[in-house]
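Top line first, the protein sequences correspond to chains A and G.
Start counting the first sequence at 1; every next residue gets the next number (this note's numbering).
Start counting the second sequence at 1; every next residue gets the next number (this note's numbering).
Since the hints were made in silico from the structure, they are not lab data.
Note that CB positions come from ideal geometry on N, CA and C, so glycine has one too.
Do not take every clue at face value.
As the list claims (entries may be wrong) - Taking lysine-lysine and the DSS-like style, the derived pairs with C-alpha atoms no more than 25 angstroms apart in a straight line are: (1) G/Lys165 / A/Lys167; (2) A/Lys212 / A/Lys88; (3) A/Lys215 / G/Lys103; (4) G/Lys180 / G/Lys165; (5) A/Lys167 / A/Lys212; (6) A/Lys212 / G/Lys103; (7) G/Lys180 / A/Lys167; (8) G/Lys165 / G/Lys147; (9) G/Lys103 / G/Lys78; (10) G/Lys193 / G/Lys180; (11) A/Lys239 / A/Lys212; (12) A/Lys156 / A/Lys167.
To be verified - Partner residues aside, some chain G positions facing chain A, computed with beta carbon under 7 angstroms: (13) Asn89; (14) Ser93; (15) Ser106; (16) Val148; (17) Val154; (18) Glu158; (19) Ala159; (20) Ala160; (21) Gln191.
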Amino acid sequence: MRTFRILFMLAWRNLWRNHRRTLIMLAAIGVGIWAMIFMTALTQGMVNEMIKDGISALPGEVQVHNPAYLDDPNINNLIATPDSELEKKFTGAGLVQWATRIKVPAVITSERESRGVTLLGIDPQRELGMTFIDLDNIDGRFLEDAADNAVVIGRKLATTLETEVGKRIVLMSQDPDNEIADRGFRVVGLFGASQESFEETYVFAGKETLQKLLKIGDHVTEVVVSGGDYRNVEPVFEKVSALVDEDLQVSRWTDLDSYLGTMLKVMDGFVLVWVIVIFLALSFGLVNTLVMAVFERVREIGLMLALGMRPSSILGQIVIESMLLLFLGMFIGNVLAWLTIIPLQGGIDISIVAEGMEMMGASSVLVPQLRLQDVILANCVVLVLGFLASLSPAWRASRYEPIEAITKAN
Amino acid sequence: MRYLAIAASWLLLPALALTAEPDASQIVRDTIDNWRGVSSYSEMTMTIHRPDWERSMTMRGWTKGDDQSLVRVTAPQKDRGNGTLIDGNSMWSFSPKVNRVIKVPSSMMAQSWMGSDFSNKDIAKSDDIIDQYDHTLLSVSEENGFKVYEIESVPHEEAAVVWGKEVLRIREDHVLLEQKFFDQDGELVKQLKTLKIAEMDGRQTAVQQRMGDVDAPDEWTEIQILQVEFDIDIPDSTFTQSNLRNPRER
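Can you build the whole structure from these sequences, using the hints too?
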């Protein structure tokens with residue numbers, strides 16, 4: 001213990017012998033750590049937004065379909081169990097939120113334009129909180145019940161079709177016999193969504209109205225279930241799997257949108273790679289500093305060895321010196337990162353590049369997300385690799401021949 | 001005798017009222033019937049005009065009842081054999097190049113028919129105007145010695161029609177003179193105009209009609225009827241997919 005105190009003292013004093021070099025090194029480590037944590041937080045924030053938006057495009061982290069529906073979203077690939085029976089099964093199951101829907105491709109036509117859209121037949125009461133549209137931000141009104149005879153379309157779509165609230169549009173789709181099913185609907189509301197593509201793609205109508213139009217009786221194409229936490233869908237998945245018939249396909253959102261699902265997994269790996277890359281750049285500076293420090297003190301180290309200090313103590317002294325440097329740098333880096341992230345909690349407005357971000361499926365406000373595990377990861381990597389990097393110069397210092405070292409001309 | 005005359009006049013009154021104020025729906029119905037007959041065979045030329053090009057196709061068409069029709073292109077050579085079959089609400093098209101009969105899906109109903117200013121829907125559902133609209137007579141005027149009825153047709157709330165209203169001008173001998181399509185703000189979007197009327201097979205027929213968007217005056221499609229026969233005997237086998245693919249011409 002005493003040896004350690006002496007070694008610690010020696011290391012600390014050695015550290016400040018050339019304080020300019022130490023300060024530069026501290027700054028380098030500090031900025032390095034800051035970059036690791038801050039960039040990680042930004043990327044995590046971006047991924048988070050992408051996933052949140054991505055999931056909101058298919059609200060419901062767990063969904064039930066006819067197995068053929070996912071490959072061919074055709075009106076023939078209905079869920080065989082009638083809607084009312086599904087309703088009975090799901091009601092008592094203790095699920096946070098669920099809804100049954102009809103989702104089919106359709107064509108919407110106004111006097112001047114026509115567009116392909118995804119037509120959603122919903123029960124508005126069930127959808128509250130399960131939809132990407134901002135219900136407080138609707139021009140006109142939202143659907144009132146499942147038998148509502150009107151449609152709600154996106155603002156962007158309304159502009160393209162040159163239509164507005166109160167006007168009629170025609171929706172065309174196909175019934176199970178491949179006959180054209182079409183009818184006029186009055187637009188009662190325009191919704192806004194975080195992404196323009198949603199405003200362009202989705203058209204909402206009453207579930208029962210569509211069942212009548214498409215002649216599918218009491219059937220739906222999907223059941224969606226939300227559990228609240230999209231990172232942990234297994235419990236909901238198991239509950240739903242137990243609930244429905246075996247010939248139906250129950251899928252997690254990670255299966256439905258494998259791009260996003262994979263992204264979530266890849267991101268954790270990406271953070272590690274990012275941290276290591278920064279560290280590699282940093283380690284050259286660190287090793288170089290230590291090598292210099294050792295090189296300057298060859299005679300001194302020789303003297304200490306000649307006076308009877310054990311080589312392991314020399315090694316310890318250099319390693320402690322490097323550890324002190326790293327700890328101080330890490331402290332500075334962490335504080336710096338924290339200080340920069342806190343004021344940005346409201347989100348960074350990147351609407352200048354909103355269009356590009358939207359292509360990636362991210363929204364135009366970026367909220368950095370500081371996760372404890374990422375911070376710990378960055379610090380651990382720096383500490384462990386820093387320790388390994390400092391071993392080489394320390395080892396060399398401890399292996400000096402005392403006489404050679406003392407007589408070495410500087 | 002006097003009593004009889006009075007009784008007779010009472011009986012005739014409703015009929016008299018009918019002639020004085022003709023029923024708009026009936027006029028529309030009669031116009032469509034006059035146009036198609038119970039069945040018909042026609043030969044026509046369709047000219048598609050655009051600012052930088054123009055092309056014509058010659059076609060033969062058969063119709064029967066309200067909802068069966070078959071159209072087949074006979075010239076130019078590269079389009080020869082292209083056909084469209086309409087049976088009820090369904091529409092099929094055939095192209096000899098791919099040798100396939102394709103059912104026109106709902107997603108394509110709003111698209112143009114053979115590149116013209118008519119949409120597939122215009123062609124397939126031309127008689128929807130009878131039962132999907134409410135008709136009111138706007139005015140009766142005199143033109144070249146004929147009475148001309150102006151009828152406003154407003155689609156039903158749930159009708160699969162995008163127009164706010166259509167205004168038809170129909171001559172008293174049931175020839176359509178003009179059909180105007182208005183959007184829901186009451187602005188004119190496109191119109192079908194009859195340019196020439198002639199007697200064909202004993203009926204007054206619009207032999208030259210032009211369809212065009214109001215926004216683009218140099219883009220229009222003209223249909224010219226070269227020959228028409230009404231109320232002829234057409235076998236049901238004419239309106240089948242197999243006949244669409246392998247024509248059995250008379």
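These are the hints, each one checked on the structure:
1. G/Lys165 / A/Lys167: 12 angstroms, holds
2. A/Lys212 / A/Lys88: 21 angstroms, holds
3. A/Lys215 / G/Lys103: Holds: lysine 215 of chain A and lysine 103 of chain G sit about 20 angstroms apart, inside 25 angstroms.
4. G/Lys180 / G/Lys165: OK: lysine 180 of chain G and lysine 165 of chain G at ~8 angstroms, within 25 angstroms.
5. A/Lys167 / A/Lys212: 22 angstroms, holds
6. A/Lys212 / G/Lys103: OK: lysine 212 of chain A and lysine 103 of chain G at ~23 angstroms, within 25 angstroms.
7. G/Lys180 / A/Lys167: With Cα atoms ~19 angstroms apart, lysine 180 of chain G and lysine 167 of chain A stay inside 25 angstroms; holds.
8. G/Lys165 / G/Lys147: 23 angstroms, holds
9. G/Lys103 / G/Lys78: Holds: lysine 103 of chain G and lysine 78 of chain G sit about 22 angstroms apart, inside 25 angstroms.
10. G/Lys193 / G/Lys180: 8 angstroms, holds
11. A/Lys239 / A/Lys212: At roughly 31 angstroms apart (the allowed maximum being 25 angstroms), lysine 212 of chain A and lysine 239 of chain A break the hint.
12. A/Lys156 / A/Lys167: The hint holds at about 16 angstroms.
13. Asn89: Holds - the Cβ of asparagine 89 of chain G comes within 7 angstroms of chain A, reaching about 6 angstroms at its closest.
14. Ser93: 14 angstroms, violated
15. Ser106: With a minimum Cβ separation of about 4 angstroms from chain A (threshold 7 angstroms), the hint on serine 106 of chain G holds.
16. Val148: Since chain A brings no Cβ nearer than about 26 angstroms to valine 148 of chain G, farther than 7 angstroms, the hint is violated.
17. Val154: Status violated, d = 11 angstroms.
18. Glu158: Interface hint status for glutamate 158 of chain G: holds (5 angstroms vs cutoff 7 angstroms).
19. Ala159: With Cβ-Cβ at 5 angstroms, under 7 angstroms, it holds.
20. Ala160: 4 angstroms, holds
21. Gln191: 13 angstroms, violated
Comparing the model with each numbered hint stated earlier shows that hints 11, 14, 16, 17, 21 do not hold.
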